[in-house]
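Here is what each chain is made of, one letter per residue.
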Amino acid sequence: MSTVELLKTPLYDWHKAHRGRLVEFGGWAMPVQYSSIVEEHQAVRQRVGLFDISHMGRLSFNGPDALAWLQRVTTNDVARLAPGRIQYSLICDDEGGILDDVLVYHLTEGDAYGLVCNASNRLRVVEQFEQNRGSFNATMADSTLDTAMIAIQGPAALLTLQELFEGPPLAEQGYYSHTSGQVLGTRASASRTGYTGEDGFELIVHRDVVEAAWLELLECGLNRGIRPCGLGARDTLRFEAAMPLYGHELSESVNPFAAGLAPFVKLDKGDFVGRDALARLKDAPGAARIGLKLPGRKIARQGCGVLQQGTLIGTVTSGTFAPTLQQSLAMALVTPEAPPIGTELVVEIRGHREPAEVVELPFYRRPRS
Amino acid sequence: MDPKDLKYAPTHEWVSIDGDVATVGLSTFAVEQLTDLIMIDLSHATPGTTLSAGDSFGEVESVKSVNDLYSPLSGEVIEVNASVADDVNQIAQDPLGSGWILKLRPSNPDAELPKLLDYDAYQKKVAEDSH
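Sequences listed follow chains V and Y, in order.
Residue 332 in the numbering used here sits at position 332 of the first sequence, and the numbers go up by one each step.
Residue 20 in the numbering used here sits at position 20 of the second sequence, and the numbers go up by one each step.
Certain hints may be false.
What the hints assert, rightly or not - Straight line, CA to CA, 30 Å or less: simulated BS3-like cross-link-like pairs of lysine-lysine:
hint, chain 1, residue 1, chain 2, residue 2
1, Y, Lys103, Y, Lys115
2, Y, Lys103, Y, Lys4
3, Y, Lys124, V, Lys8
4, Y, Lys125, Y, Lys103
5, Y, Lys125, V, Lys8
6, V, Lys16, Y, Lys125
7, Y, Lys4, Y, Lys115
8, Y, Lys115, V, Lys16
9, Y, Lys4, Y, Lys125
10, V, Lys293, V, Lys269
11, Y, Lys124, Y, Lys4
12, Y, Lys103, Y, Lys124
13, V, Lys269, V, Lys282
14, Y, Lys4, V, Lys16
15, Y, Lys115, Y, Lys125
Claimed, not checked - Partner residues aside, some chain Y positions facing chain V, computed with beta carbon under 10 Å:
hint, residue
16, Met1
17, Lys4
18, Asp5
19, Gln33
20, Asp41
21, Thr49
22, Ser52
23, Asp55
FYI, nobody ran anything at the bench for these hints, they're computed from the structure.
Every value quoted in this text rests on a predicted model; they were computed, and no experiment measured them.
Heads up, the beta-carbon is just placed ideally off N, CA and C, and yes, glycines get one too.
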C-alpha cells in the first residue's frame with residue numbers, strides 16, 4: 001500500500017471486525033473478500049449478497065442548465081432520460097478516449113440530476129465538468145464523503161431490501177430506475193441497478209446510518225443466506241456478465257466503439273466533448289472487445305498477449321476461472337476488428353502458448369422468467 | 001503432520017525431512033491467503049528433474065492470482081503428487097498432509113536446511129506479512 005492515506009468508508013471498522021481483507025482500490029481501503037471469492041460469488045448468483053460500494057463517486061447537478069451541462073460532458077442522450085430513470089453513459093476526452101463510465105440519474109424531484117462514477121476517476125470527472133462549465137447556470141455538488149452506498153444483489157435482493165426500505169413499492173421499480181424513500185427514518189435512494197448480472201438494488205443513504213442499515217440488511221437476509229461480499233466477487237460477477245471495468249476494458253486509450261459501447265454514444269444529440277473524434281471513430285474504431293474461452297484451467301489475466309496465426313493482435317483485459325460457468329474465460333481488446341465467433345486464437349500466459357476460442361459476450365446471462 | 005516439525009521457505013513452502021527424502025508442500029497460511037484454488041501446474045517438475053534451492057518448480061493458480069512455487073532445497077525430484085495435480089482442492093483441504101506436492105532427494109541439506117525458517121520464525125514472518 002502507498003504511504004498516501006487511504007480513504008475509508010463508514011463501514012471500514014465493520015469490515016475489519018469481520019475479517020474483511022482490505023486492499024487499496026481507487027484510493028480507498030476496501031474489502032476484497034471476507035470468506036472466499038467463489039462462495040461470495042455463488043451467494044449473489046443463487047441468493048443475495050451485500051457490497052459496500054461507498055467508494056464510488058456521487059455527484060449531483062442542480063439548476064436550469066444541469067441537463068445542458070451533462071449533455072455537454074457525457075456521450076449518452078440525457079434529454080431522453082425521464083425523471084426517475086437512469087442511464088449508463090461515458091465521459092470522453094476530445095480524442096474520444098474514455099475518461100470514465102458513469103450512471104446518470106434523472107432525479108424524481110425537479111430537474112436535478114445525479115451521477116455515479118468510479119472511485120479512481122472521481123476527481124478527474126469533477127475536473128472535466130469544471131473545464132466544460134462554460135456559461136451553464138448550474139451547480140455541481142460532490143456528496144461522496146457525506147453519503148454511503150450499498151449494493152444488494154441476487155435473486156433475493158428485492159425481498160430483502162423491501163423489508164427495510166419505506167417508500168414506493170420496490171417490486172414495481174423498473175430496471176435502471178430509482179426512487180426516494182426512507183431507511184431507518186432517514187432519506188434514502190434506491191435504484192434497480194448493479195454490477196453483477198443479477199437483479200438487485202443500489203442504495204444511497206447518509207453516512208451516519210449506513211452501518212445500521214448494513215446490519216439490518218444482514219438481519220433481513222439471514223434466512224435467505226445473505227453474505228457480505230467484497231471486490232473479488234464483484235469482479236468475477238461483473239466479468240461473467242461482461243461488464244467493462246475501468247482500468248481493464250476501459251481507459252483513455254480506448255474509444256467507446258472499440259469497447260463495444262456504441263449504444264451509449266448518441267452522435268445525433270448535438271455537440272458534446274469528443275463528438276467529432278467519435279464521429280470519425282464510429283465506423284473504424286481501430287479495435288474490438290472480444291470474449292475468449294480457454295480449454296484448460298489456466299487463467300489468461302490482464303496483459304496476456306493474444307495471437308492469431310502467430311501475429312500479436314491484442315491483449316487480455318480481464319480473465320478468470322468463471323465460478324458460475326466453471327470455465328477459464330477472458331476478455332481481450334484486439335485490433336483492428338473482432339475475429340468471428342469460433343475463431344481459434346492463442347493466448348500467451350507466462351511464456352506458455354494456450355489455445356483460446358472466440359466466444360460471444362456476455363459469457364453469462366441470468367435466466368429470466 | 002505437526003506444523004511445528006516442519007521447516008519453511010519465506011516463499012511459503014514447507015519441507016519435511018524423512019531420511020534422505022524431503023517432502024515439499026504449500027503452507028496453511030499460503031493456502032488461506034490464496035483461497036479459491038483453481039489449478040496447480042507441475043508439468044516441469046517431473047521425476048528426474050534437478051532443482052536448485054529457489055528454483056520455480058510449478059505454479060498455483062487461484063481466482064485472485066497466479067503464484068510460482070519455489071523449491072526450498074536443491075535436489076532431484078523423485079516423486080510428484082499426481083492427485084493434487086488432478087484435484088488442487090486436496091491442497092486446500094489438507095495442505096500439510098495428503099496435499100503434499102513433491103518429494104526431493106536433497107543434494108546439499110546440511111548447508112541448506114539451516115537457512116530455512118523454523119515454525120516460530122515462520123509464524124513471525126506470517127504475522128508481519130499480514131499487516
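Checklist entry - Hint by hint, which ones does this structure get wrong, listed from lowest number up? => result 8, 10, 16, 17, 18, 21, 22, 23
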